[in-house]
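Take the sequences, apply the hints, and build the full model.
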Amino acid sequence: MITLHFAAVARTSMLFALVSGVTAAQTPRRADEGVAKRQADTPNANPQAAALAEFQQRVQGYINLRSELSAKLKPLSPTADSAELAARQDTLAAALRDARKGAKPGDMIPTRVADQIRTAVAEDFRHRNPDTKRAVFTEVPAGVRPIINKAMPDTEALATVPPLLLNSLPRLPDNLQYRFMDRHIVLLDGDTRLIVDYILNVLPPH
Amino acid sequence: MPLTRRTLLSLTGQCLVAAAAESVFPFRAGAQGLPGDHIGPGTTTLPNAKDSIKFAVIGDTGTGGREQYQVGKLLSDARSRFRYDFVTMMGDNMYGGQGPSDFVKKFETPYKPILDANVSFYATLGNHDDPAQRFYKPFNMDGKRYYSFRKGDVEFFVLDSTYMAPVQVDWLKDVLPKSNAKWKIPYMHHPMYSSGAKHGSEEDLRTLVEPLFLDNGVDVVFAGHEHFYERVRPQKGIYYFTEGGSAKLREGNIRVGSPMTAKGFDTDNTFMLVEIDKDQMFFETISRTGRVIDSGSVPRRETAPAIKATN
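Quick note, the sequences are listed as chains V and C, same order. Counting from 1, position 120 in the first sequence corresponds to residue 120 in this note's numbering; the numbering is continuous, with no gaps. In this note's numbering, each number is its position in the second sequence, counted from 1, plus 1000.
Some hints here could point you the wrong way.
Label-pair ranges, simulated between beta-carbon atoms [stated by the list, open to error]:
| hint | chain 1 | residue 1 | chain 2 | residue 2 | range |
| --- | --- | --- | --- | --- | --- |
| 1 | C | Asp1142 | V | Asn64 | 21 to 29 Å |
| 2 | V | Glu123 | C | Asp1174 | 26 to 34 Å |
| 3 | V | Asn64 | C | Glu1108 | 30 to 38 Å |
| 4 | V | Pro130 | C | Ser1080 | 43 to 51 Å |
| 5 | C | Lys1144 | V | Arg134 | 29 to 37 Å |
| 6 | C | Lys1198 | V | Pro205 | 19 to 27 Å |
| 7 | C | Asp1174 | V | Ala87 | 50 to 58 Å |
| 8 | C | Asn1180 | V | Ala45 | 44 to 52 Å |
For the record, the hints were derived by calculation from the structure and aren't laboratory data. By construction, the Cβ of each residue, glycine as well, lies at the ideal position given by its N, Cα and C atoms.
This is the structure:
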């Protein structure tokens, strides 16, 4: 069962890795961003690759915004003063909220990428045995709906996204994370716990 | 007294499969304490060798409750007989609120005597921890979700098992082979092997990182998450310890008859004292009442590759 599951995930991962590899290479360089845009503009271009490129650009845009705001404020850096740490985190969160006032679902995750994520999650859970499914779901906060720019409450556990599933999702920079919230997937800012975007009803009922 | 399921589980937790385990982990001849003994000031089952690496292991600590304080006191008292230099934290360093007062109540106060003695803590993130804890200096994470640190012949690889994205696996693939430490000890919140009825083994994690551990001479792995103590039978030659009961306790949660368990204890809170002296790792696990519930030693696997003839 596990072997079958791993093989299926590996197949999915390889497919996404091929596509993500193209997009990851395109993201940092301006010239390549132009290529991605031309691809998106060309009717015959691979629409999935274009959507992934678009996603990577938006993600990078968010990371750049956070870096700029962080540089203007006191950046998050090691401190022995927990009050100072909380204050820096709150200030950065407030600045991000302000800068992304009016952000709405789908602003970060294009529909095609959201569909790809849905497919990857469905495929992953289809091959999981009941024990591993149960282990995943026991940690997931239930009965909550994500709201963009709202912080995930620190009283809630951050449910662990299965590592093999993470392998099959489009890659994110280190401090932006996919997390489960009820049946939804949120894009969570790891520094501020702010919900940056979300996709509703991705997880199977549990 | 009727034998209820709870009673049965509790009894099982107290005397889990020790016999087979002891043949793997012989208790040292001449040790001053044996499992079951109350450890008084000045006594220990550990060698207390000069120049050895001495540390403590605690996990799932951040409740701010009575049990955390009691274990904290024992941990502090233990330094009078076993002078450990640092403490490894297996995650869930903070349950519930993570505001400034929580850092005081759930970390700074219960471990104040140890902190005042300049003992360092090295934390890993658990699923209840705000990732921003990595910026809290006393946790020595230097702003990183995953990191490594070295003490003499021992290198520790601290992983964030709550979010094992490919970038972290790539990091591990890079740093593990480069390490020339005699002992490579990873630790993380989620156990790769566990007999816990609530959570159990993290199989995804195992699929991804176990091959790296096997290929790179890892001997011992520590984890938390399960609110009990478990020493797992060696898996493919690697020793796994779960210490997730240093404040929280999930009583009777170790699955009865689990073939993985070498020793389990799920009836009270615990912490571990560990000493690495040359090619042996000695350990002592102590309950909240000060009883040694497990002790023994683990040999370092011979990992040097065979010398190939060149002509």
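>> Tell me the numbers of any earlier hints that the structure contravenes, in ascending order.
In response: 7
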